[in-house]
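Chemist: Here's the letter readout for the chains.
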Amino acid sequence: MSENQVPEELQESAVTEAAKLGIGTDEWVAQHEERIARKKGIKGLPQLINESIPAWARWGVLLLISCAFGAFVDNQYLLRIGVNLGLFVMLSYGLNIVMGYAGLLDLGYVAFYGIGAYGYALMSSEQIGHHWSTWLTVLIIIIGTALLGYIVSLPSRRLFGDYLAIVTLFFGQVFVQLVLASDNITFPWADDYVDITAGANGIPGIDPFSFFGHKFLNIRDYYWLLLVLVALLTIAVSRVNRTRIGRAWRTIREDALAAESMGVMVNRLKTMAFVTGAAIAGLAGAIFAAMQTAVFVSGFDMPLMTMIYAAVILGGSGSLAGAVMGAIVMSVLPEVLRVTNYSEILFLAVLILTLAAVGKSVKRFIFNIVGIAIIGFIVKILLGAASIKTTPTKEWVVGPVSRALSHWMYVPLDRVLWGNSAFVILIVLIAYFTTTTPRIKAILLPIIGYLGIFLWEVRLITDVNTTRQLLIGAMLVVLMITRPQGFLGKARVEVL
Amino acid sequence: MSEKKPLLEISNIDTYYGAIHILQQVNLRVDEGELVCLLGGNACGKSTTLKTVLGMVKPKVGKIIFAGQDVTHQNTPARVKLGMAVVPENRRLFAPMTVLENLKIGAYVRGEAAEEDLERVYDLFPKLKERSSQLAGTLSGGEQQMVAVGRALMSHPRLILMDEPSMGLAPKLVEQSFEMIANLHSQGVSMLIVEQNANMALSVADRGYVLQTGRIVLEGEAKELAGHEELRRAYLGR
Ligand SMILES: Nc1ncnc2c1ncn2[C@@H]1O[C@H](COP(=O)(O)OP(=O)(O)OP(=O)(O)O)[C@@H](O)[C@H]1O
Ligand SMILES: [Mg+2]
Chain V
2 MSENQVPEEL QESAVTEAAK LGIGTDEWVA QHEERIARKK GIKGLPQLIN ESIPAWARWG
62 VLLLISCAFG AFVDNQYLLR IGVNLGLFVM LSYGLNIVMG YAGLLDLGYV AFYGIGAYGY
122 ALMSSEQIGH HWSTWLTVLI IIIGTALLGY IVSLPSRRLF GDYLAIVTLF FGQVFVQLVL
182 ASDNITFPWA DDYVDITAGA NGIPGIDPFS FFGHKFLNIR DYYWLLLVLV ALLTIAVSRV
242 NRTRIGRAWR TIREDALAAE SMGVMVNRLK TMAFVTGAAI AGLAGAIFAA MQTAVFVSGF
302 DMPLMTMIYA AVILGGSGSL AGAVMGAIVM SVLPEVLRVT NYSEILFLAV LILTLAAVGK
362 SVKRFIFNIV GIAIIGFIVK ILLGAASIKT TPTKEWVVGP VSRALSHWMY VPLDRVLWGN
422 SAFVILIVLI AYFTTTTPRI KAILLPIIGY LGIFLWEVRL ITDVNTTRQL LIGAMLVVLM
482 ITRPQGFLGK ARVEVL
Chain R
315 MSEKKPLLEI SNIDTYYGAI HILQQVNLRV DEGELVCLLG GNACGKSTTL KTVLGMVKPK
375 VGKIIFAGQD VTHQNTPARV KLGMAVVPEN RRLFAPMTVL ENLKIGAYVR GEAAEEDLER
435 VYDLFPKLKE RSSQLAGTLS GGEQQMVAVG RALMSHPRLI LMDEPSMGLA PKLVEQSFEM
495 IANLHSQGVS MLIVEQNANM ALSVADRGYV LQTGRIVLEG EAKELAGHEE LRRAYLGR
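Respectively, the protein sequence lines represent chains V and R.
For what it's worth, my numbering labels the leading residue of the first sequence as 2, then goes sequentially.
For what it's worth, my numbering labels the leading residue of the second sequence as 315, then goes sequentially.
Derived by calculation from the structure, the hints in this document are not laboratory data.
The model shown is predicted, which means the values in this text are computed figures rather than measured ones.
Here a beta-carbon is modelled for each residue, glycine too, at the ideal position from N, C-alpha and C.
Some clues are possibly wrong.
Unchecked claim - Stretches of chain R that chain V covers, calculated by requiring three or more beta carbons in the stretch to come under 8 Å of a beta carbon on chain V: (1) 393–400; (2) 405–418; (3) 423–434.
What the hints assert, rightly or not - Computed far set for chain V versus chain R, every beta-carbon distance over 12 Å: (4) V62; (5) L65; (6) L140; (7) S211; (8) V229; (9) S362; (10) S388.
Model the full assembly from the supplied sequences, consistent with the hints where possible.
Modeler: Written out as structure tokens, the structure reads:
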């Protein structure tokens with residue numbers, strides 16, 4: 002008998018065993034879901050929510066909460082967050098069609114939002130001196146952004162993946178530069194220059210929406226408008242997703258060539274995705290401009306783009322409920338981060354979650370936390386022994402967390418130098434971490450964790466913008482490890 | 315045999331991939347209701363021939379006539395609309411979509427999938443009905459083959475192009491899949507089948523072509539080919 006031949010008795014017993022289990026029979030397959038061990042704890046939560054509450058009930062509850070919010074909340078600040086959330090959901094829906102369904106990596110998406118906003122501003126302010134009716138303006142914007150979406154979609158017919166990303170990224174930047182430069186245009190027939198967009202100064206004094214003689218002076222008006230729009234969009238988009246168009250979009254995402262050989266007109270469908278996404282973003286932009294009554298081009302640049310992408314990916318690309326969830330996280334997060342005290346707590350929470358996710362077992366997790374603590378003390382003793390001057394505690398402590406940490410963390414006086422050095426080392430270590438063996442990874446993890454906290458306390462605690470980006474990055478990393486398909490997304494299946 | 319009406323006729327096709335000349339002066343015909351097989355060794359251009367017929371690659375010279383129309387310059391979706399359907403090499407199902415969705419995509423050119431078309435596929439492959447909500451990527455190879463064929467049938471094709479339908483199947487399933495092909499053939503479906511398994515293919519086909527380094531070197535009735543000395547030596551392994 003050769004080595005890799007299975008003994009006959011064993012072979013036979015395997016066959017009977019399989020027959021007993023019914024492997025391959027339809028009942029066996031039908032029970033597939035039940036055989037999957039239910040994930041416990043936090044990891045199983047999305048699954049649990051997904052399975053135990055039907056979709057309509059979830060949407061119904063969400064709608065009820067949103068209505069109650071609109072009806073009973075009087076706080077202008079909270080209402081504004083609600084409006085921002087509505088806009089964010091619209092943007093996420095649009096991107097979800099382009100990226101989530103059709104799989105087109107459009108990095109210029111946010112420009113359509115900006116074009117909608119600037120379009121409205123130009124047609125409803127003293128900038129050029131037009132004050133057209135809201136109906137007309139909004140209609141022009143929807144058609145205009147859809148047309149632009151069509152034009153941008155043309156290169157997507159030949160480009161895939163990263164090439165398309167670069168072309169669209171370029172488009173987004175062209176929009177920003179064009180707005181910045183269009184405050185000083187000279188025409189050959191005129192002596193004086195013309196100011197179209199007011200450049201970096203932005204356009205103030207934009208008219209609010211006005212329908213049937215009702216002026217939208219209260220922020221609550223916009224809230225209701227957005228609620229209705231989002232509800233309609235939710236119904237429309239989820240419907241389309243179940244028709245042949247939605248199916249065809251998803252086939253393009255999976256395998257454009259195979260889709261084409263099934264008769265799917267790939268180019269036309271790509272264009273449709275682009276056009277729909279652009280029109281939705283354009284409309285959202287118009288609402289934003291009217292609500293804000295002022296627009297600045299810096300608000301339609303990469304930072305917002307990354308937030309929208311993060312929302313769609315966090316929630317689960319291709320899932321509407323996921324897009325809403327991602328939008329909630331992404332529009333509430335910056336508000337939380339505005340208060341350094343909260344941002345501090347959030348930072349630590351994300352760090353601990355990251356360690357838990359990377360460590361995978363409780364033992365590892367404890368090892369990491371204890372490791373970080375020990376490293377902290379060692380560093381404190383070493384730096385103290387080298388008599389490196391510290392920053393006075395009151396200069397960097399912002400809340401209870403940093404106060405607690407101040408007993409353990411050694412913050413040198415030259416925070417820029419030490420912070421930057423820590424940053425470089427951190428990046429190098431993380432890069433090394435991704436390629437090394439599990440044993441070295443286990444040792445590296447507490448060091449990386451400590452450097453993270455060090456960097457945070459020394460440099461970032463006062464820099465909200467950087468922190469926000471870093472936090473989003475960290476959250477995406479956690480998600481990538483624990484739930485690669487996004488919080489509410491469907492797990493991907495590959496034919497192997 | 316009664317009078318034959320050509321359904322697909324490709325004449326003097328030359329196909330290139332960049333500068334590489336693959337198909338050289340290929341002529342091929344499939345009549346209405348006929349089952350034609352295309353045989354040949356690895357890398358001789360069989361898949362390329364199917365891709366050329368379907369319009370995934372464009373020939374440099376030559377003419378393709380399908381259902382009485384010159385489709386040489388039409389794109390793939392247009393040809394599918396005219397009645398071609400493909401069971402691609404390696405099946406190429408849409409893995410994260412369900413069996414049902416995969417089948418429905420097959421009917422894309424006809425609009426929304428009709429219930430009776432689905433029933434027809436389920437009659438042919440009862441197993442698929444049970445698995446209709448399973449993700450296609452999680453099916454076994456044999457089951458995936460059924461979906462791929464079912465997907466092709468959903469568009470009511472006049473001609474099905476199959477690229478190695480027996481690839482990766484256990485001997486028993488190979489037999490079954492050829493039974494299924496013969497069954498479809500008896501229902502009047504025209505097919506052009508690419509196969510490595512020459513024995514099997516010739517046993518169900520009406521006619522066959524043999525391709526060698528991009529040229530048709532042999533053609534004839536399936537029975538004739540099955541008895542052909544050279545072919546036997548080259549492909550039938552006897
Ligand atoms: N896109 C391409 N670009 C360049 N060369 C290609 C391309 N596709 C196929 N070829 C080459 O064309 C030749 C014929 O390929 P084809 O796929 O038609 O072979 P085949 O007869 O189907 O073989 P097999 O039985 O192995 O599937 C091969 O040499 C292959 O390497
Ligand atoms: Mg091939």
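Chemist: Confirm or reject each hint.
Modeler: Here's how the hints hold up against the structure:
Counting residues of the segment 393–400 of chain R whose beta carbon lies closer than 8 Å to any beta carbon of chain V gives 3, which meets the minimum of three for the stated coverage. Coverage of the segment 405–418 of chain R by chain V holds. Counting CB-CB distances below 8 Å, 9 residues qualify, and the rule asks for three or more. Counting residues of the segment 423–434 of chain R whose C-beta sits closer than 8 Å to any C-beta of chain V gives 4, which meets the bar of three, so the coverage hint holds. With a cut of 12 Å on Cβ distances, V/V62 stays outside the contact zone with chain R, its closest approach being about 26 Å.
Distance check on V/L65: its Cβ is at least 30 Å (rounded) from any Cβ of chain R, clearing the 12 Å threshold; non-interface status holds. The non-interface label for V/L140 is consistent with chain R: the shortest C-beta to C-beta separation is roughly 31 Å, beyond 12 Å. Distance check for V/S211 against chain R: the nearest CB is about 41 Å away, which clears 12 Å, and the non-interface claim stands. Every CB of chain R is more than 12 Å from the CB of V/V229 (nearest about 29 Å), matching its label as outside the interface.
With a least CB separation of 28 Å from chain R, V/S362 remains clear of the 12 Å interface cut-off, as annotated. At the 12 Å boundary, the C-beta of V/S388 stays outside the reach of chain R, the nearest C-beta of that chain being 60 Å off.
In summary, the structure agrees with every hint in the numbered list given earlier.
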